[in-house]
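S.K.: Sequence:
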Amino acid sequence: DRKLWVRKVYLHDFFEKLAEQLRRALGDRVDVELELRDRGVAHFDAPKIQRAVHNLARNAAEAIAATGRRGTVRITVDKDDDGSLLLGCIDDGPGVPEAIKTRLFESFATHGKEGGTGLGLAIVRQIVEDHGGRIEVSSEPGQTVFALSIPQPADTSISSSGEQAAPA
Numbered sequence: 001d002r003k004l005w006v007r008k009v010y011l012h013d014f015f016e017k018l019a020e021q022l023r024r025a026l027g028d029r030v031d032v033e034l035e036l037r038d039r040g041v042a043h044f045d046a047p048k049i050q051r052a053v054h055n056l057a058r059n060a061a062e063a064i065a066a067t068g069r070r071g072t073v074r075i076t077v078d079k080d081d082d083g084s085l086l087l088g089c090i091d092d093g094p095g096v097p098e099a100i101k102t103r104l105f106e107s108f109a110t111h112g113k114e115g116g117t118g119l120g121l122a123i124v125r126q127i128v129e130d131h132g133g134r135i136e137v138s139s140e141p142g143q144t145v146f147a148l149s150i151p152q153p154a155d156t157s158i159s160s161s162g163e164q165a166a167p168a
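As numbered in our numbering, residues 1 to 168 make up the sequence shown, in order.
These are computed hints drawn from the structure, not numbers from a lab. Glycine included, each C-beta is placed from N, C-alpha and C at the ideal position. Not one of these hints is a red herring.
Across the chosen pairs, the derived CB separations fall in these ranges:
#	residue 1	residue 2	range
1	Ala99	Val41	39 to 45 Å
2	Glu33	Asp80	19 to 25 Å
3	Glu129	Gly68	31 to 37 Å
4	Ile100	Asp80	25 to 31 Å
5	Ser138	Asp38	18 to 24 Å
6	Gly132	Glu98	29 to 35 Å
7	Asp28	Gly132	34 to 40 Å
Generate coordinates for the entire structure from the input sequences, incorporating the hints supplied.
M.R.: Written as structure tokens, this is what we have:
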């Protein structure tokens, strides 16, 4: 479903809960850290951004697990100078294999995983683009960084559907 339900989200509450979910889901393989540089509010489709961050963190945990050691996945939350929401997913895994770097966000791109569909990052990209945002990746052995930028409405009293946002 491509329709967005953009609402005001309290970053601290949303990402603390999300980090706890990630710890429960992935904690046997990785340590999940949350770095909240901005604790205010932002406007986005919360279930879709939750799915995007889950997909990124799960991919990171799987890549780290393939190394046979425990690692760390760090989720960062900040705002850019223009007010855009900046989300990061940083891991200390082996890095993105050269074989799939150029097609990382394509559907069915997968490497070295049993049971993976190769849809996770394609879904993340679609969610970010549906929000009018962008996603970038930088990777080297020992660190991969996915950086998401989600623009915020200039008038935060209006939701993306044109409806008046509910008061908090």
